[in-house]
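Colleague: One-letter residues, chain by chain:
There are 2 protein chains.
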Amino acid sequence: MADRSPLAPERFPDLPPIVGVRLASTACGIRYKERRDLMVALLDPGTAIAGVFTKSKTRGAPVDWCRNALKRGKVRAIVVNSGNSNTFTGRAGAQVVERTVAKMAALLKCEKRDIYISSTGVIGEPPAAEKIVGALPAVVRAATADASAWRAAAEAILTTDTFAKGATRTASIDGVRVTINGFCKGSGMIAPDMATMLAYLFTDAALPAALLQELLTAANERSFNSITVDGDTSTSDTVLFCATGHARHKRVTSARDPRLKAFRRALDALMIDLAQQIVRDGEGAQKFVTIRVARAASAKAARAVGLAIGNSPLVKTALAAGDANWGRIVMAVGKAGEKADRDKLAIRIGGTLIAEKGGPVPGYDEAPVAEHMKGGEIEIEVDLGIGRGAATVWSCDLTHGYIDINGGYRS
Amino acid sequence: MADRSPLAPERFPDLPPIVGVRLASTACGIRYKERRDLMVALLDPGTAIAGVFTKSKTRGAPVDWCRNALKRGKVRAIVVNSGNSNTFTGRAGAQVVERTVAKMAALLKCEKRDIYISSTGVIGEPPAAEKIVGALPAVVRAATADASAWRAAAEAILTTDTFAKGATRTASIDGVRVTINGFCKGSGMIAPDMATMLAYLFTDAALPAALLQELLTAANERSFNSITVDGDTSTSDTVLFCATGHARHKRVTSARDPRLKAFRRALDALMIDLAQQIVRDGEGAQKFVTIRVARAASAKAARAVGLAIGNSPLVKTALAAGDANWGRIVMAVGKAGEKADRDKLAIRIGGTLIAEKGGPVPGYDEAPVAEHMKGGEIEIEVDLGIGRGAATVWSCDLTHGYIDINGGYRS
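So the protein sequences, as listed, match chains A and B. Residue numbers for the first sequence follow our numbering, beginning at 282 and rising by one. Residue numbers for the second sequence follow our numbering, beginning at 282 and rising by one.
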């Protein structure tokens, strides 16, 4: 594994057990040597599941499987391998999925469509099904609810990430305390080959699949869909959210139920925490950038403008150099394709107002902005001045490290 | 000026005179020292003009002026300064445009809206109008139809380009020979600050403004709108096309007139030649990439897929490394947002079929592809297998040079 990102959090958080969730991981030798590359999460019968997936038209075989299985909304196991994405692998790739799922269903004596699968790593080479299938019986036997299993699971799904990413939150539903744990991987598209953003969330709350899906989709927009490292979209992006239902709160059937307010807030916070960790492990990233867009035509427009800034190679290279080049932010706003008015736009960096009303502010002093740009945490604020939509987007700088990582040969 | 791009053509072509076009350039000290930074093209009375401009919502004051002037469709002069883009300069910037245009109109005794203006360079600082205005009388006096003036004009509009870009073609309209000359600048967004793609085209053909606009808009899609260096869109992009009407061919009023076939073809070829020169001067570019997309749902969809490939940082870093990483091309096709079917997609690099029917071809031998990737001219072919739309897009690789150029401070 490469050097830990300079933007990484100090340590992996302590994730408490969640009743109904057991985890295990092992090294089955798909691609990496002496490194865990297979993770299994086992869920008690009755666990509901929701998911969101890549919008790519060239998505991998595991994504096809999950999208189809999700119609049922039940889950007994999630199987994730790293090192091979099983994408663009044709019929052979679909067979790997089928064999894995069949084996797991046989071990758990459940339906095949209660098994979910994700793969991340090299593209275009079908993974060796026998390595995955062969490892499953021992992994299932080893599955545990111990707290230590979370970190091991988070490590087993990594590819070229430089640190394991986890988060936990609690909330109360109608007076009953519930927990949400999550872990994820991804640092843009990861060298030495295209990789992926994967995230797995678990709660003991008792929420039906349709409601879970509604909560996940909404929170996903404000978290994983609001980050960017390089603007490239993986063929395998997957977020799964499992609710075991062991918490004994009263039945809730609507996502808008006020009793879910704290849960929604905790889910948002957890997913934003995980999403930010992905940016903090962005390939070659040296600076973590928060882009707040206010007074856009809509929240969607605000996010599009934020992503245009966060994805712009010119903005990202200026950030890398610590250059307060706000003209490039103006450019990125202009190219976003959303409603904007040059003469109503205001731009702040590190809290300092730089430009408004179509030009730089009189007597603009670059010194405090230049000082802010030297740090590892950059704040950009853009006020479009035309509506009520707001969004926050997180990104990182574009450095020589990105090119070194992604320009390397695959083997 | 930086070292000449390794992808540059051997020399600037010989551009013949065009009756009714006179050119001059000078160094007026806007930003650069001892370097021509002001270009003027003078056109005979009766010259028609067409134009296409950046779609940016934060476009510069000169673009606002040109878009408005274009309603009249007549031109007597084009004034271009390099070193300052006069963008996001508020009221002061608009005044610079007004003063320049008023001075030029007084010198030529014409209407102000017959004067066109472009600016390229630093953003957010109004240029010194007196330097531009003060230089105009002498420049107008010096204007000449000599062949040597073309190269000098092409040099005067450069910012951090590493070579001057020009092209010429001839065609026959109804048996009468006409000439088209053009020159342009731009290498993506150019350091040390955001810059611009500018192009100026001139012909002695006698074509009304509306027809000229139709021809320009169509050819622009297949040329300047089919190239990418970094996917960032300038606030100042401008292409102007002037027709002096001195050629004595019969009147043509429809762009679809078969007598215009050769002219359309020559215009296409000239604009593609110029557009390719811009890519060949892409910031840090070491490889010139041609991306041919076939059998897409439409020509527009094909171009969008081609641009998704050409803009992908992962594809571009793989190209820089000479890595035949075709999985990243699959990824870029998938994220383009256009209709695509993983299992109908075929990918070739340097003519070698790599993948089709959802997976790599049996016995795929990477050796010839790896050999092709070592060269400076890369060919990527993508067959979507779903429709009849085709497009060709030109791009370049993403190298450490790009980051060095764009990560540098502005001063």
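In case anyone wonders, no lab produced these hints; they're calculated from the structure. Some hints here could point you the wrong way.
[Claimed, not checked] Once the Cα atoms are required to be at most 30 Å apart in a straight line, the calculated DSBU-like pairs of lysine-lysine come out as:
id: 1; chain 1: B; residue 1: K638; chain 2: A; residue 2: K352
id: 2; chain 1: A; residue 1: K336; chain 2: B; residue 2: K655
id: 3; chain 1: A; residue 1: K638; chain 2: B; residue 2: K542
id: 4; chain 1: B; residue 1: K336; chain 2: A; residue 2: K638
id: 5; chain 1: A; residue 1: K581; chain 2: B; residue 2: K390
id: 6; chain 1: B; residue 1: K581; chain 2: A; residue 2: K620
id: 7; chain 1: B; residue 1: K638; chain 2: A; residue 2: K336
id: 8; chain 1: A; residue 1: K620; chain 2: B; residue 2: K352
id: 9; chain 1: B; residue 1: K581; chain 2: B; residue 2: K531
id: 10; chain 1: A; residue 1: K620; chain 2: B; residue 2: K620
id: 11; chain 1: B; residue 1: K655; chain 2: A; residue 2: K638
id: 12; chain 1: A; residue 1: K581; chain 2: A; residue 2: K620
id: 13; chain 1: B; residue 1: K352; chain 2: A; residue 2: K352
id: 14; chain 1: B; residue 1: K412; chain 2: B; residue 2: K390
id: 15; chain 1: A; residue 1: K355; chain 2: A; residue 2: K638
id: 16; chain 1: A; residue 1: K412; chain 2: A; residue 2: K393
id: 17; chain 1: A; residue 1: K412; chain 2: A; residue 2: K355
id: 18; chain 1: A; residue 1: K581; chain 2: A; residue 2: K638
id: 19; chain 1: A; residue 1: K336; chain 2: B; residue 2: K355
id: 20; chain 1: B; residue 1: K542; chain 2: B; residue 2: K355
id: 21; chain 1: A; residue 1: K620; chain 2: B; residue 2: K336
id: 22; chain 1: A; residue 1: K625; chain 2: B; residue 2: K393
id: 23; chain 1: A; residue 1: K625; chain 2: B; residue 2: K625
id: 24; chain 1: A; residue 1: K638; chain 2: B; residue 2: K620
id: 25; chain 1: A; residue 1: K336; chain 2: B; residue 2: K390
id: 26; chain 1: A; residue 1: K581; chain 2: B; residue 2: K542
id: 27; chain 1: A; residue 1: K581; chain 2: A; residue 2: K531
id: 28; chain 1: B; residue 1: K581; chain 2: A; residue 2: K352
id: 29; chain 1: B; residue 1: K542; chain 2: B; residue 2: K531
id: 30; chain 1: A; residue 1: K581; chain 2: B; residue 2: K620
id: 31; chain 1: B; residue 1: K393; chain 2: A; residue 2: K412
id: 32; chain 1: A; residue 1: K393; chain 2: B; residue 2: K412
id: 33; chain 1: A; residue 1: K336; chain 2: B; residue 2: K620
id: 34; chain 1: A; residue 1: K393; chain 2: B; residue 2: K625
id: 35; chain 1: B; residue 1: K638; chain 2: B; residue 2: K655
id: 36; chain 1: B; residue 1: K336; chain 2: B; residue 2: K352
[Said to hold, decoys possible] A few chain A residues that face chain B, going by a derived Cβ cut-off under 10 Å, partial list only:
id: 37; residue: G371
id: 38; residue: D604
id: 39; residue: G618
Note that CB positions come from ideal geometry on N, CA and C, so glycine has one too.
Colleague: A separate judgement is required for each hint: does it hold in the structure or not?
Modeller: Structure-based check of each hint:
{"no.": "1", "hint": "B:K638 / A:K352", "verdict": "holds, 27 Å"}
{"no.": "2", "hint": "A:K336 / B:K655", "verdict": "violated, 33 Å"}
{"no.": "3", "hint": "A:K638 / B:K542", "verdict": "violated, 48 Å"}
{"no.": "4", "hint": "B:K336 / A:K638", "verdict": "holds, 20 Å"}
{"no.": "5", "hint": "A:K581 / B:K390", "verdict": "violated, 50 Å"}
{"no.": "6", "hint": "B:K581 / A:K620", "verdict": "holds, 23 Å"}
{"no.": "7", "hint": "B:K638 / A:K336", "verdict": "holds, 20 Å"}
{"no.": "8", "hint": "A:K620 / B:K352", "verdict": "holds, 24 Å"}
{"no.": "9", "hint": "B:K581 / B:K531", "verdict": "violated, 34 Å"}
{"no.": "10", "hint": "A:K620 / B:K620", "verdict": "holds, 26 Å"}
{"no.": "11", "hint": "B:K655 / A:K638", "verdict": "violated, 50 Å"}
{"no.": "12", "hint": "A:K581 / A:K620", "verdict": "holds, 11 Å"}
{"no.": "13", "hint": "B:K352 / A:K352", "verdict": "violated, 56 Å"}
{"no.": "14", "hint": "B:K412 / B:K390", "verdict": "holds, 21 Å"}
{"no.": "15", "hint": "A:K355 / A:K638", "verdict": "violated, 54 Å"}
{"no.": "16", "hint": "A:K412 / A:K393", "verdict": "holds, 19 Å"}
{"no.": "17", "hint": "A:K412 / A:K355", "verdict": "holds, 26 Å"}
{"no.": "18", "hint": "A:K581 / A:K638", "verdict": "holds, 24 Å"}
{"no.": "19", "hint": "A:K336 / B:K355", "verdict": "violated, 47 Å"}
{"no.": "20", "hint": "B:K542 / B:K355", "verdict": "holds, 24 Å"}
{"no.": "21", "hint": "A:K620 / B:K336", "verdict": "holds, 12 Å"}
{"no.": "22", "hint": "A:K625 / B:K393", "verdict": "holds, 28 Å"}
{"no.": "23", "hint": "A:K625 / B:K625", "verdict": "violated, 47 Å"}
{"no.": "24", "hint": "A:K638 / B:K620", "verdict": "violated, 41 Å"}
{"no.": "25", "hint": "A:K336 / B:K390", "verdict": "violated, 59 Å"}
{"no.": "26", "hint": "A:K581 / B:K542", "verdict": "violated, 45 Å"}
{"no.": "27", "hint": "A:K581 / A:K531", "verdict": "violated, 34 Å"}
{"no.": "28", "hint": "B:K581 / A:K352", "verdict": "violated, 34 Å"}
{"no.": "29", "hint": "B:K542 / B:K531", "verdict": "holds, 15 Å"}
{"no.": "30", "hint": "A:K581 / B:K620", "verdict": "holds, 23 Å"}
{"no.": "31", "hint": "B:K393 / A:K412", "verdict": "violated, 76 Å"}
{"no.": "32", "hint": "A:K393 / B:K412", "verdict": "violated, 76 Å"}
{"no.": "33", "hint": "A:K336 / B:K620", "verdict": "holds, 12 Å"}
{"no.": "34", "hint": "A:K393 / B:K625", "verdict": "holds, 28 Å"}
{"no.": "35", "hint": "B:K638 / B:K655", "verdict": "holds, 27 Å"}
{"no.": "36", "hint": "B:K336 / B:K352", "verdict": "holds, 17 Å"}
{"no.": "37", "hint": "G371", "verdict": "holds, 3 Å"}
{"no.": "38", "hint": "D604", "verdict": "holds, 5 Å"}
{"no.": "39", "hint": "G618", "verdict": "holds, 8 Å"}
When held up to the earlier numbered hints, the structure conflicts with 2, 3, 5, 9, 11, 13, 15, 19, 23, 24, 25, 26, 27, 28, 31, 32 and fits the remainder.
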